[in-house]
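Peer 1: Going down the list, the protein sequences come from chains A and B.
According to our numbering, the first sequence is numbered sequentially starting from 1.
According to our numbering, the second sequence is numbered sequentially starting from 1.
No lab work stands behind these hints: they were computed from the structure.
These numbers come from a predicted model, not from an experiment.
Glycine residues also receive a C-beta, built at the ideal position from the N, C-alpha and C atoms.
Treat the hints with care, since some could be wrong.
Unchecked claim - In silico contact screen, one side only, chain A against chain B (beta carbon under 7 Å); selected entries:
{"no.": "1", "residue": "Asp-68"}
{"no.": "2", "residue": "Thr-128"}
{"no.": "3", "residue": "Met-197"}
{"no.": "4", "residue": "Ile-210"}
{"no.": "5", "residue": "Ala-214"}
{"no.": "6", "residue": "Cys-223"}
Protein chains: 2
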Amino acid sequence: MNASRTARERVRAELIKEITDIARRHLATAGAPGLSLRAVAREMGMVSSAIYRYFPSRDDLLTALIIDGYNAIGEAVERADAARPQDDFTGRWLAVCRAVREWALAHPHEYALLYGSPVPGYAAPQDTVAPAVRDTAVYGRIVADAHRAGRLTPPPICPPPPAVLAEDAEVVRSLMPDVPDDVVMRALVAWTGLYGMVSFELFGQFNNTITHRAELFDHNVTCLGRLLGLPE
Amino acid sequence: MNASRTARERVRAELIKEITDIARRHLATAGAPGLSLRAVAREMGMVSSAIYRYFPSRDDLLTALIIDGYNAIGEAVERADAARPQDDFTGRWLAVCRAVREWALAHPHEYALLYGSPVPGYAAPQDTVAPAVRDTAVYGRIVADAHRAGRLTPPPICPPPPAVLAEDAEVVRSLMPDVPDDVVMRALVAWTGLYGMVSFELFGQFNNTITHRAELFDHNVTCLGRLLGLPE
DNA sequence: CGTTCGTCAAGAGCGGTGCTCTCTAATAAC
DNA sequence: GTTATTAGAGAGCACCGCTCTTGACGAACG
């Protein structure tokens, strides 16, 4: 039977979940560099070497946390988007931007793990790329929906993108079908600007300078939305 | 005499410089987490404990590297700005943006130390704040110069900033005198957008997506310059 | 000139890390 | 019931930041 076989696999799956939960808690307090397999093992009442039955290396544990993190922020963004009427494109954009910022403020070390400096020896395996674009796909849908509805009126202030960028635009267009190259490029400006702002706030570049950070954030992503051509 | 006294201090200063040089080289290859006092000492032919005569802790060595890094990127930006005619505001903006990107690509780990995830236990001491704004001050001068020359025509697409942001604008205005609040806010959008783009490229968010990164960068910072109101 | 005092390198050592290896005990498969 | 697989335990390796003590050197002072 596979019922007995799954008996052992079930406890194994439970242990893996317990390990990642403890690791995530340690990550939240000590940050990624302070995450220690030995400390996790200690808290589980295990000896350190036993952990390696479940995660062959510290990097594998980090990978699990990274995938969970991308899914968590992706889900937060999806929820924020779904809570708005589909044709309120400006409201959806503002809502998903706020969702990113609020998730990042609530999970600063996890955000740093996803969008901060990469761990030098660490190479993200292929399993991380699918969850990594969950949030980005939401922006793409907003832009594509607005464009399809004819509500996207990008102000004529940007030069036309150079021809060589057409290939890159083609790749990005898989997330926002039928959107012209110029708008794809503007979407990239808005996308990088959004995360640039969150990272600056979280990584300390606003210290001693910006005090009303929520208001600045709202205002700036609104500007970026206008640059993108969102109405209102 | 203080000539003999400085004799000892001179060898001390030389050793400090040699330590930071080796440390910077290690940083460039292994990254900040891989920087080890013992490895630096080993390369100097010292025993590890001797290093602590010059840097009381690893964090102090990191602080020295951070200050050097801010000065290096600040100097690169200043040089790029000075190489352009003072009234070529758009050219100056593009030049300093490129200088930031090129410095970051040439010194990825140092850039990560300055603008990436903060080291969890580490609190930047006050000596780092003055060098940290060297590059930002250059952007401020460009915006202020363009505004004073009457060459700044921000497109009317952004809403007026909320009143509460006036205090923050006042602080930022020390870097760009006489510039109105609305333009200060646009400058913040451009500033965060610039570093957001560099960070995304360096930290791997463009992997499997963007191939023509220099062209995308130029195009995007040009868009940000237009949003700011730069001419052409 | 000789002594004293501050500075420096060296060594040993503490507690911590990731990771590997071997050994034993429990458990599933046949 | 025997065999094969798996989980945990323990010891150990090489590394880390950091501390403390010891001995040597050199500069300043009486």
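Peer 1: Does the CB of Thr-128 (chain A) sit less than 7 Å away from some CB of chain B?
Peer 2: 10 Å, violated
Peer 1: Cys-223 (chain A) was flagged as interface toward chain B. Is the shortest Cβ-Cβ separation under 7 Å?
Peer 2: With Cβ-Cβ at 4 Å, under 7 Å, it holds.
Peer 1: Can Met-197 (chain A) be said to touch chain B, with a Cβ gap under 7 Å?
Peer 2: 5 Å, holds
Peer 1: Mind checking the CB of Ala-214 (chain A) against every CB in chain B and telling me if the closest is under 7 Å?
Peer 2: 10 Å, violated
Peer 1: Does Asp-68 (chain A) hold up as a contact with chain B if the rule is Cβ-Cβ below 7 Å?
Peer 2: 18 Å, violated
Peer 1: Mind checking the CB of Ile-210 (chain A) against every CB in chain B and telling me if the closest is under 7 Å?
Peer 2: 5 Å, holds
This entry does not satisfy hints 1, 2 and 5, going by the numbered hints stated previously.
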